[in-house]
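Trainee: Sequence:
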Amino acid sequence: MKNAIIGQSGGPTAAINATLSGVVRELAKSDKVDTIYGMLNGIEGCMQEKFCNLSKLLFTENDFVRLEKTPSAALGSCRLKLPAETSDKPEDVETYTKLFEILNRYNIGYFFYIGGNDSMDTIRKLSSYGDKIGSDIRFVGIPKTIDNDLACTDHTPGYGSAAKYVAASVAEILCDTAVYKLKAVTVVEIMGRDAGWLTAAAALSKPDLVYLPEVPFSVDEFIEDLREILDRKPNVVVAVSEGIRDKNGRYISESEDNVKTDSFGHKQLSGTGRVLEAIIKEKIGCKARTVEFSILQRCAAHIASAADIEESIKIGSFGARLALEGESGCMATFVRTSTKPYSCTCQKAELNSVANVVRQVPREFINERGNHVTSECIEWIRPLVLGESIPEFENGLPVQFII
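Residue numbers for the sequence shown follow this note's numbering, beginning at 1 and rising by one.
Treat the hints as calculated values from the structure; they're not laboratory data. Be a bit skeptical, because a hint or two may be false.
When the alpha-carbon atoms are kept at most 27 Å apart in a straight line, the in silico DSS-like pairs for lysine-lysine are as follows [to be verified]: (1) Lys29 x Lys56; (2) Lys314 x Lys340; (3) Lys206 x Lys283; (4) Lys2 x Lys29; (5) Lys314 x Lys32; (6) Lys348 x Lys2; (7) Lys2 x Lys132; (8) Lys2 x Lys56; (9) Lys50 x Lys2; (10) Lys181 x Lys132; (11) Lys314 x Lys287; (12) Lys181 x Lys29; (13) Lys233 x Lys183; (14) Lys89 x Lys132; (15) Lys181 x Lys283.
Generate coordinates for the entire structure from the input sequences, incorporating the hints supplied.
Mentor: Right, dumping it as C-alpha cells:
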C-alpha cells in the first residue's frame, strides 16, 4: 500500500474544499491507499514537510459535509513557482531532488493538486520530472478557479458559486439604485484579469452594461453608451472586469506606479472601477460610485451553488480514481453533453494542453458592440448557479471546518 497527499493552491473558492472532500472520500474507499496526507500551504508546505493527517481529521460523514460547505482552502494555499523541471542549475535540481526525497520518505504513491492555471503548471512540472527519474508516483491535477479560465474543461469548480454571488449581488444593487431619481452610475468591478467569465455572470441579473477583457474597451464608446441610457432612465449599473483594456492591450487601471506582478508574472490589478468612476464624473458630470466585490466573490459559501458543490465533490472523486487506475500527468475535466437539459460528465486532459493556457469567453458570447453578453452566454452559465447549498448554522452564523 502507498500513501496519498493532497494540496490546494492559488486563490481560494467556495468549492475547493468540496473537491478536497471528494478526493479523500474516494481514496478512503481504496485498498491501495493507507494514509492520506494534506499539504499545509501547497507545494511550499510540502517542501517544508508541513503535513496533516486527513485520514484522522476527516472521519465522520458530518466532518465531510461541514468541510464541503466551508469556504476558502482548508489546507492553506501558496503561489510558489517551481523552477523549470528541465533546468540544470544546481539550485533547481536541488529543489526537485528535495521534493522527491520527501515524497519517497512518506511513501507517497498518489499526489493531487487542486488549483488553477499556475497549479496545473506546478503539477505538470512534477509529473515531468517524475517521469525523467523513473518515479512511480501518480500526479493528477484537479481544477479550481472562480475565473473559469482553464483550458480543456467545460467549466471549473468554484466558478458556479462565485457566479451565483456576483449575479445575486448585482440584482440587489439594481434594487438599491432603483429607489432614486437622481442621475447616477454605479460601476461594479468584478474579478477577471484575462477572462471575463465571472463578469459575464452578472448578466443573469440584467445590469445595463457588461464589459469583458475579451473585447477592447473604448472610453468614448463607454461614455456614448452611458449617455444613451441616462437619457432613458436615471440610474445605470455597469458590470466591468478588472482586466478590461484598450485597443493597444493596456489595462484601463494600469499606470507605471500602481501595477505589480506576482511570482508567476501576472499583473495584480485594482482600481478599474475607480478609474471609470473618475472618467464618468469628468465627462458626464453625474454622480458615480464604485462597488468592488474583491474577495467576497470567492468566499461567499452562504450563497454557494448546490450544482457547483455537487460537481466539485464529483470531480475530486474522479481525479482520485484516475490516479488509482494508474493515470498520471493529467487533469480531471468536465465535458458538457447538453445545456438544455444540463448534463455533464468527467474526463481527463493532458497537462501539457492545460498549463499556461488561458480560456477566454468566446467572441460569440459577447454582443457586437462589446458592451454586453448574448442570450446564448446567459443560458450557458445558468445551470452552473442552480440550487442552494445551505451551511450548518450555530448562534446565527455558519459553522466552518478548521484544520
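Trainee: So which of the earlier hints does this model not fit?
Mentor: Of the numbered hints given earlier, those the structure breaks are 10, 11, 12, listed in rising order.
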